[in-house]
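Here is how the chains run, residue by residue.
Protein chains: 2
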Amino acid sequence: MTDATAFVPGHVTGFFTVNRDEDPTKAGSRGAGVTLADGVTVRLEPGDGVELNGETCDLEAVARVLDALRSTAHVVVETDLPLSAGFGVSGAAALGTALAADAVFDHGLSENELVTVAHGADIQAETGLGDVVAQARGGFPVRLEPGAPAHGVLDGIPATREVEYLARGQLGTEEVISGDTDAITEAGRQALSALVAEPTLETFMHASREFARETGLLTPEVRETVQAVAEAGGEASMAMLGESVFALDTGLSDAGYDAERCAVSLAGAHLR
Amino acid sequence: MTDATAFVPGHVTGFFTVNRDEDPTKAGSRGAGVTLADGVTVRLEPGDGVELNGETCDLEAVARVLDALRSTAHVVVETDLPLSAGFGVSGAAALGTALAADAVFDHGLSENELVTVAHGADIQAETGLGDVVAQARGGFPVRLEPGAPAHGVLDGIPATREVEYLARGQLGTEEVISGDTDAITEAGRQALSALVAEPTLETFMHASREFARETGLLTPEVRETVQAVAEAGGEASMAMLGESVFALDTGLSDAGYDAERCAVSLAGAHLR
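Line by line, the protein sequences are chains U and D.
Residue 136 in this note's numbering is what sits at position 136 of the first sequence, and the numbering runs on without skipping anything.
In this note's numbering, each number is its position in the second sequence, counted from 1, plus 1000.
Hints should not be assumed to be uniformly reliable.
[Claimed, not checked] Below, a sample of chain U positions facing chain D; criterion: calculated Cβ distance under 10 Å:
(1) N112
(2) E113
(3) R137
(4) V153
(5) D155
(6) T160
(7) E198
(8) T200
(9) S265
(10) G268
[Unchecked claim] Covered stretches of chain D, going by a simulated chain U footprint (3 or more residues, C-beta under 8 Å):
(11) 1138-1147
(12) 1157-1163
(13) 1193-1203
(14) 1257-1270
Bear in mind the hints are in silico, worked out from the structure with no lab data behind them.
Everything numeric in this text was worked out from a predicted model, so none of it was measured.
Where is the CB? At the ideal position from N, CA and C, for every residue including glycine.
All chains should be built: construct the whole structure from the sequences, respecting the hints.
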């Protein structure tokens, strides 16, 4: 086999709903977020096992993608994004694996088919609900309907901006999305309804903050940081699902934080 | 008003169908093509009138977009792409105008809504059938169902490649798509069916050449160039609708032509 490398942008969700379904191509979430030029590279080499930033690692979503594509490879995942902190690294690793495996093994699948495989793997591993479809698209993705391409419907907020982010701790996606999610889904539905009425960044940030407060997902540390950004005249909210903050422009550094800065990803996931 | 600038990739269609409908959001085409990192920038300034590469110009699709958005502006369109040669400059100008107008006038529309306005304008001006939805997406877009986002369905060929192109003459989109298009649509349907069965670049190029031959759209000059590329071991076909040739990698220069080279556009249309 030859090598292949894919790049997948990071993805931060501002608000979301939980849409369960026995069919993983129909399961997922509505919501909205931002894709980051900081992302994940995935390289497939001969061998087996998964390596994340140089260490052997168990990434269930990646294993599920290889299994679905009946492929065996050594998967090298590299990222500067914070782990388990709401940046969609799991979904990115799954999608990058699907793209690279298609190239290496000549599976001859379309982009929608590869996104479907990776989305299903992320759902079944309970590591993400809507990262994969957003990461395949780029920009500021709005998930109007949940699910893989055959069922999901995407739109976008027309904007190009710099963003900043800061991880303050870890939060497991699985614990939240496997519990009672009715209140989350109701708050997510209201946030999406406000954003659809006026799909601007201002509405997105405002709706995201409301969602974080109403669902009780906002942690004290994140609340303090978001408030500090607002007091410095900026716009920030919580990265779902992680104990992390994201802000427009230089919102975090203006408030005195030592944050990472990057552009919104104009491109979706792609082979290199 | 403040200024705003949008960038829209060029788009070459390899094959297509003609799907007429009284509703311009349902009209369009099925088919497949490649978006180019060489594209069109559109800047909106105070004033009125349209300027293309420094000269006053009548671009009906641009006028229709401004009209639909009830906006008045001086539209400055700049591109290095060949004009009336199958590179989707008209659709790009329309889509760039929609994105920039939304930013300048705070219309608060979503990306799908702006794509819909530009698609409708390109259809009604009879300058394009599927360029706008492809240019909004980037990559190698496959148009599975015709129309604007509410009706159209897109997929993509998972590949990242360099391409070359060469304009050999001009060809009017309007004359071809306003005539009898049954044979074109039947050939386009067959080409799409082959590509869906195996969505690879090899199938795309092969299906595009078959389409160009079967429809009789292939001109003697283009045929000669495509053959010369094949004899040099490359892959080329005709850019629909223009008297132009596009090739994978360095296919045209390997065959001795002085062609433009650029990457496939990873990003879709976006504000700058």
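Hints, verified against the model:
1. With 10 Å as the threshold, the beta carbon of U/N112 comes within range of chain D, its nearest partner Cβ sitting at about 4 Å, so the hint holds.
2. The closest approach between the C-beta of U/E113 and any C-beta of chain D is roughly 8 Å, which is under the 10 Å cut-off, so the hint is satisfied.
3. The closest approach between the C-beta of U/R137 and any C-beta of chain D is roughly 9 Å, which is under the 10 Å cut-off, so the hint is satisfied.
4. The criterion of a C-beta within 10 Å of any C-beta in chain D is met by U/V153, whose closest approach is roughly 9 Å, and the hint holds.
5. Interface restraint check: U/D155 against chain D, minimum CB-CB distance 4 Å, threshold 10 Å, status holds.
6. Restraint check, U/T160 versus chain D: the minimum CB separation of about 5 Å is within 10 Å; hint holds.
7. Checking U/E198 against chain D: minimum C-beta separation of about 5 Å stays under 10 Å; hint holds.
8. Given the 10 Å rule on beta carbons, the hint for U/T200 holds: about 6 Å separates it from the nearest Cβ of chain D.
9. Interface restraint check: U/S265 against chain D, minimum CB-CB distance 8 Å, threshold 10 Å, status holds.
10. Using the Cβ-Cβ criterion of 10 Å, the hint placing U/G268 at the interface with chain D is satisfied: the shortest such distance is roughly 7 Å.
11. For the stretch 1138-1147 of chain D, the assignment as covered by chain U holds, since 3 residues bring a beta-carbon within under 8 Å of that chain's beta-carbons and 3 suffice.
12. Coverage of the stretch 1157-1163 of chain D by chain U holds. Counting CB-CB distances below 8 Å, 4 residues qualify, and the rule asks for three or more.
13. Requiring three or more residues with a Cβ within less than 8 Å of a Cβ of chain U, the coverage given for the stretch 1193-1203 of chain D holds, as 4 such residues are present.
14. Counting residues of the stretch 1257-1270 of chain D whose beta carbon lies closer than 8 Å to any beta carbon of chain U gives 4, which meets the minimum of three for the stated coverage.
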